[in-house]
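Student: Each chain is listed here by its residues.
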Amino acid sequence: MAAYQPCTVEPHPNQSDWITLNMGPQHPSTHGVLRMILQLDGEIVRQVELVIGYLHRSMEKMAENVRYPHFIIECDRADYVANYHYEAAYVRAVEELAGIVPTPRAQFIRTICLEFDRIQSHLVWLGTYGLDLGALNAFWYGFRERERILDLLQELTGVRMHPNYFRFGGVKADLTPDFERKALALCDLLAGKVDEYESFLSQSDTFVMRTQGVGAMSREMAIDWGVTGPNARASGLDFDQRRDEPYFAYGELEFEVPVRPEGDCYARYAVRLEEIRQSVRLIRQALDQLPQGPVIPAGLEKGYQFLVHPNGEHYAHVEGPRGEIGIYLIGDGTTFPYRVKMRSPCFQNLSVLPELMRDCLIADCVAINGSLDLVMGCVDR
Amino acid sequence: MSAPTDLQERFPSAVLQVGALDDGLPLLCVSPEALASIAAAAKELGFDYLACITGVDYPSDDQIEVIYNLYNYHRREALVIKVRIPRGVARLPSVSGVWRAALFLERETYDLLGVHFEGHPELKRILLPEPWVGHPLRKDYDMNRQQFVSKGPQGEDIVSFDPQEGW
Amino acid sequence: MSATRLIWYFGGSLGLLLIVTSIGGIFTYVFRKLFADFGQRLGPNRVGPYGVLQLVADGIKLFTKEDIVPARAERRGFLLAPYLTFIPAVLAFSPIPFGQGLLLTDVRVGLILIFAITALAPLGELMAGWASNNKYSMLGGLRAAAMDVSYEIPLLISALAVILLAGSTSTAQIVEKQAHLWYFLPQLLGLFVFLVTLIGKVGVLPFDLPEAESELVTGYTTEYSGMRFAFFYLTVFANVFFIAAITVMLYFGGWLGPFGLNLPGPLSFIWFFAKAGVLVFVVFWIWNSLPRVRIDQFLNINWKLLFPLSLANLVLTALLVLTGVIH
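Residue numbers (this note's numbering), protein chains in the order written: chain P, -10 to 370; chain Z, 300 to 466; chain H, 199 to 525.
Rather than coming from a laboratory, the hints here were simulated on the basis of the structure.
There are no misleading hints in this set.
Derived DSBU-like pairs (lysine-lysine); straight-line CA-CA distance at most 30 Å:
id : chain 1 : residue 1 : chain 2 : residue 2
1  : Z       : K438      : P       : K50
2  : Z       : K342      : Z       : K381
3  : Z       : K450      : H       : K263
Per label pair, the in silico range of CB-to-CB distance:
id : chain 1 : residue 1 : chain 2 : residue 2 : range
4  : P       : E185      : Z       : F310      : 53 to 61 Å
5  : H       : V245      : Z       : D439      : 58 to 66 Å
6  : Z       : D360      : H       : N331      : 53 to 61 Å
7  : H       : L461      : P       : E185      : 40 to 48 Å
8  : P       : A174      : H       : S487      : 23 to 31 Å
9  : P       : S207      : Z       : F310      : 29 to 37 Å
10 : P       : R232      : Z       : P358      : 38 to 46 Å
11 : P       : G301      : Z       : P358      : 18 to 26 Å
12 : P       : D227      : Z       : P358      : 38 to 46 Å
13 : H       : V480      : P       : A174      : 36 to 44 Å
14 : P       : D140      : H       : L321      : 47 to 55 Å
For every residue, glycine included, the Cβ atom is placed at its ideal position computed from N, Cα and C.
Just need the whole structure built from these sequences, with the hints factored in.
Tutor: Have a look at this one:
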């Protein structure tokens, strides 16, 4: 493995020689409509200012004007890469506030969906990150397997993305007859493919050179800035809500939480790759232990969902592929939510970006931005 | 001793109420003046992670409530701090000096609810363009009036109620 | 100068232009097919059998596309730059023998001429970058110039070792001297340095820093459209062919066949193109496999690895020649 060579270019004393470069909102590697105003000293980035909001839809306001079940589909659109996780956070918030107990089978089906979702989200990240670094083919490899996952989930939910599948107390429909067989086959495939990705990225000196030591974030920094998820775990924060505050069926499943101390782009990459492996393990266990029974409790089928009228305040959070997805829900006893606050992991992960980018090169700027796995829909909501 | 009672003992006059949210999360209602010092004390107690800042508008009480979700990574415990301020002069001390996670969250709360966080280094709108009129998450925000955003000659944002203006 | 000579030069130049342009065009198709194969996709497959006519379709598209000049661009430089990069790319082929006797000019300093011509390339790139009045383009142009200038040195030094072996700078003679021993055998180190620097100089992945699309959009070509963009595009593929051609000429015996299986006269171009084809495949393979290096790493590789290696190779070759191991 090649060691990181820090760039040692002498800083220019004269600020008037700095160039202002507008990166985004339309740029190949800002992954959506992020705008970064870079102050460049030659090729070195001195200051970064972030401009966001290009994708702001004011979802929190929308939530106040629709009935509880109507907002499930809206949740899908917040993070358009990992749709199921926002749904999960919202459904969990409503259930816990309204005192609805989901059926055991639904809990397992949800867990399977979430883990497949996590894998496909990480694969999208892997592909686009490869593209950011110029490894053109990583993109196709990542998307090839993602397509298989989406096909499988499409069979279950009817659509590739924006599934609108979770319901208060359960899920929309039971598993299709041969879902389990297909899911297991897909798990076998994915387990092998992760090794393949590793063989063409981890073992590539250029990739290691570009990522190791770049954009290092310490554990304290991650906590202070509210960074969560794989990004924080790559900085040595040993915390995963699935393990430490289990929800759905996670409490009954066994898995490991990959943690790395370095906090650089390579650590973030390695953590995500290992998470794919662990997700495969989780899905296999969940399929194995899948209980029988209804997928939605009696009295909550179809239209009865609209009668949910929780009263009180609750903060529910799940471990999304990008970090903690939280919903602060305030119900006033009507069938409309009084306030839904969406705590976005990307929003917090993004805020640390100017710190990480200070005094790096433009090329590193792309590597760091990519490694944080930002989805602008999730940032802007 | 649990964290909320500890904080109550240290700030007897500022902590208005110790309770629990409907899901059992420990809750602390504090007065706005003492928020900064209570936040610093909470961080000393190990609440190193600020997960979320939520602003809620209660026009019936003529108040805005700001809710801070804290978490302690060492002891794996959560704490909720609530502050109520009048709607008209919605001012709060910033906690961005305590948790830098608050930098973005406070800007968002300012943007969408119009709460001014005093001491925030860069308090400006974050999701909406700077000249936007009104704060959308306030309950009395008029959603029937459309606002149109365009670019001015210097690249600055222009917001107007007339769709023709600025094009 | 006799009339026949003049006609030969005109006809030959036109032929060379046609050959290089069409090879560049064909490479765009080959590259896309290979790129698709590496990514487990199909690639162009709609226009004509196996999508071979995609090339024509692309050509028509680029020809008929509007030629946009940005309002605040430096107009003359902007219009001129594509030609300034394309012409040296074609011109550099003029002393390269495609087969026995199949070369435009057999000057005694052929190899020097080639490197002199390729040294013109950064001019067009820099001009395009500056004239576009776009910061991405400018950074791309600056990177291109920095890369070209620094990579020239190990490139020339490793070529110098070949000149030492052949005792000549005439391209035809260098090939003829390899009748007994192709130079890649005594020059393994030199070949490595030469190929890496050449790929770096041409600027394809992993060294495509001037047009790194994820960082600088597409560098100095960002503002170009239509035919002018097509010239830049063709230049890249002509340069890929140039890498293959000059490496075959210097290290793999040019038009000579292996094990003395030489083809007579002009027919020997078959060997040349067969060998060049393999090398082009290698270049495309590298292009599709490796991530991009960073600019400081790129320059470090050059000055701390390739430059000393090329010097060592030169000294080693000189010793071999001096002691008469290779004559």
